[in-house]
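Chemist: Spelled out from the first residue to the last, the chains are:
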Amino acid sequence: MSTLTDPPTESFRLSQLIYDTRYRSITIQVVAFILILAGMAWLVNNTISNLQALGKDFNFGFLKNAAGYDINQMLIEYNNQMSHGRAAMVGILNTLLVAFLGCLTATVLGVFAGVLRLSKNWVVNKLMAVYVEAFRNVPLLLWIILIFAIMTESMPRPNDFRGEDATSSMILGDSVAVTNRGIWIPRVGFTNSISGQEAVAPTEGAVPLASGLFDWVVIFGVLGLSILAIRFIRRRADRIQEATGVRPVTWYQQIVLLFVPVGIALFALGATIVQPYLRGFNFTEGIHLRNSLIALWFALSLYTGAFIAENVRAGILAISKGQSEAAFALGLQPNRTMSLIILPQAMRVIIPPLISQYLNLTKNSSLAIAVGYMDVRATLGGITINQTGRELEGMLLLGGFYLVLSLLISGAMNLYNRSTQLQER
Amino acid sequence: MKKTVLFGALTVTGLVAGVASAATLDDVKARGTLNCGVSTGLAGFSVPDANGVWKGFDVGVCRALAAAVLGDPMAVEFVPTTGQTRFTALASGEIDILARNTTWTFSRDVDLKFDFVGVNYYDGQGFMVPKALGVSSAKELDGATVCIQTGTTTELNLADFFRTNNISYEPVPIETNAEAQQQYLAGACDVYTTDASGLAATRATFENPGDHILLPEIISKEPLGPLVRHGDNEWADITRWTLNALIAAEELGVTSANVAELAAAPTDNPEINRLLGSEGELGAMLGLAPNWALNAIAAGGNYGELFEQNIGESTPIGLARGLNAKWTEGGLIYSPPFR
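Here the protein sequences come in this chain order: A and B.
For the first sequence, the residue numbers in the working numbering are 1 to 425.
For the second sequence, the residue numbers in the working numbering are 1 to 339.
Since the hints were derived computationally from the structure, they do not count as laboratory data.
Being a predicted model, the structure only gives us computed values, none of them experimental.
Backbone N, C-alpha and C fix where the C-beta goes; we use that ideal spot for every residue, glycine too.
Some hints here could point you the wrong way.
[As the list claims (entries may be wrong)] Per the computed footprint, the stretches of chain B lying under chain A, defined by three or more beta-carbons under 8 Å from a beta-carbon of chain A, are: (1) 58–72; (2) 80–87; (3) 136–150.
Please build the complete structure, drawing on both the sequences and the hints.
Modeler: Given below as structure tokens:
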């Protein structure tokens with residue numbers, strides 16, 4: 001048996017931690033990690049001792065107590081006897097509403113403005129340049145306040161719509177009222193509503209018309225199924241076209257599928273358009289779009305739309321000119337060239353910055369404070385904190401909410417981004 | 001880079017950490033100015049004049065306190081706060097005293113950890129409407145749009161009032177009195193509700209005050225008073241007794257005009273002597289100079305003088321003393337004895 005002897009190893013010296021490059025990087029990381037941990041521990045400790053000095057504890061029990069305050073815009077049922085947690089939920093939904101509407105409108109505006117800014121028409125091109133530069137370079141807060149001030153100061157009062165000698169009248173066939181308290185638009189009510197039990201004030205002599213969540217679930221469910229069926233028909237047409245070279249005529253099937261099932265659902269539920277009308281101090285019925293929502297929504301859309309327009313323009317310019325020349329050489333129309341050749345490639349450039357614009361818009365919605373829009377900052381982060389004195393807890397919850405929301409948005413957009421990326425085989 | 005950020009964060013929290021511990025009196029003396037939280041502008045109570053000098057009834061309390069503690073009524077740094085920011089400003093130590101039409105309630109005193117040092121105005125919540133609206137009672141306001149300052153007791157009272165009367169309303173949340181005034185005058189709300197004194201003060205600044213009426217209903221008790229952080233009893237004592245000194249001075253007939261003369265030589269009224277420091281050591285017990293109350297009264301006058309100059313019947317705001325008359329005249333304004 002032979003024994004293997006290890007070569008004599010040099011014993012480890014402490015100085016190697018600093019002078020030996022094999023260990024140095026580990027040393028630095030460990031030291032930095034300890035420092036960060038110590039810093040965090042110190043911050044937590046400091047918070048605890050300061051809370052003790054103020055005689056406050058740290059708990060979230062206040063969320064269960066009655067809120068006591070009213071909120072003007074509610075997407076779910078709420079009254080002032082419900083809890084602070086419920087009030088926070090109402091605020092969260094209001095934030096989500098304005099963020100969703102804002103992202104949608106900003107995208108539409110941005111894509112239009114971005115494409116039109118590349119137009120060869122001098123007037124269109126310059127108009128879009130003015131829009132982009134004006135909105136991109138003036139603070140968002142000013143736009144919010146400007147739109148809000150125009151709405152409150154220069155629109156007629158509800159009282160001006162009243163009586164024989166009314167100085168203002170409703171527009172679009174007496175269905176939309178633009179006032180200095182917001183805009184009232186018609187809504188859809190259901191005579192055979194499944195779930196709705198809203199206390200609806202009837203017009204003189206009319207039956208109250210409810211509309212509940214389940215009614216809309218049914219209608220959008222039917223619509224979703226129709227769209228799936230249409231996609232199935234299109235795929236089938238594609239297959240037949242690839243196999244035989246002749247595309248079957250399907251447009252009438254698509255139209256029937258799109259409208260008839262939804263029409264039947266609407267008819268079964270007894271859908272009726274309910275118009276706003278003047279009663280007492282204000283308009284009633286219909287949907288009330290408050291000034292605060294309008295100002296915030298439009299300002300956020302116009303402002304973010306200007307940034308998105310630049311992203312879109314950059315994306316289109318990033319596609320080599322040869323692509324469109326090749327498409328023209330194949331005999332494609334300009335709009336088909338745009339939708340089949342340019343935009344799919346441009347999306348790869350557009351989407352990553354688009355994600356951050358969506359995140360910006362969502363976080364900027366907290367500027368609601370300027371116009372009194374009751375978002376989550378105003379309910380949980382404003383009145384609740386003020387009435388309960390739970391600043392730390394409220395702010396942590398608020399920060400946590402925006403963090404989770406931003407991560408969700410960027411997660412979803414990253415998935416979409418992956419689907420548009422170049423597929424490499 | 002990471003470390004720079006860390007050290008930055010440490011420094012910032014270190015600065016914040018210092019706040020809650022030290023005694024407020026020492027802080028104020030070391031700083032040489034008093035940090036006083038006031039409203040963002042409410043005529044008669046706290047509003048800067050054309051030269052940017054803060055004037056008003058609540059401002060008067062802070063000036064008296066600065067005079068008592070520092071000997072100089074002008075050594076006050078006024079910090080405008082909204083209904084929502086005021087409590088955080090006080091709790092965090094940004095201000096030493098909050099004198100901002102703040103209602104004394106149980107939860108603010110006990111749960112929010114503040115100490116109310118007294119009441120300088122007994123108020124109640126009212127409603128203001130344009131005359132043209134043709135409303136004569138708050139109970140006729142079903143469906144009205146109401147401007148309301150957020151983060152106030154009035155917001156909660158409003159909710160209670162409409163709920164118990166089983167009528168509905170649409171709240172328009174606003175941050176400051178100025179914003180409310182603008183929205184109300186533009187007709188974006190039918191009604192403005194806040195403390196009745198605030199409504200009177202706001203109406204006084206309108207172009208046509210006569211076009212607007214206050215409805216007869218007063219729906220709540222709003223005892224307004226200055227407050228300080230809970231836990232610093234010495235500082236609370238100083239502010240409480242400065243306010244009491246102003247109230248006692250009115251009762252004893254000590255005014256800004258005669259205070260110097262009364263303090264120069266002992267009078268036959270021992271309470272005046274104790275108040276003004278020519279007898280006993282009340283000032284030393286508070287940790288202040290013997291002439292603390294003399295300075296406080298000389299700063300803007302006694303309680304009655306402050307009332308008359310800023311919000312009384314001779315001013316555009318024109319509030320009657322009412323509940324705020326001294327107790328000997330049927331009001332609630334009463335100071336414990338200086339003994």
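Chemist: The structure should be examined with respect to each hint, and the outcome stated for every one.
Modeler: Evaluated hints:
1. A count of 0 residues in the region 58–72 of chain B with a Cβ less than 8 Å from any Cβ of chain A is obtained; the coverage claim is therefore unmet, three being the minimum.
2. Under a criterion of three residues with beta carbons nearer than 8 Å to beta carbons of chain A, the stated coverage of the region 80–87 of chain B is upheld, 3 such residues being counted.
3. Three residues within the 8 Å Cβ limit are the bar, and the region 136–150 of chain B against chain A gives 6, so the coverage statement holds.
In summary, the one numbered hint that this structure violates is 1.
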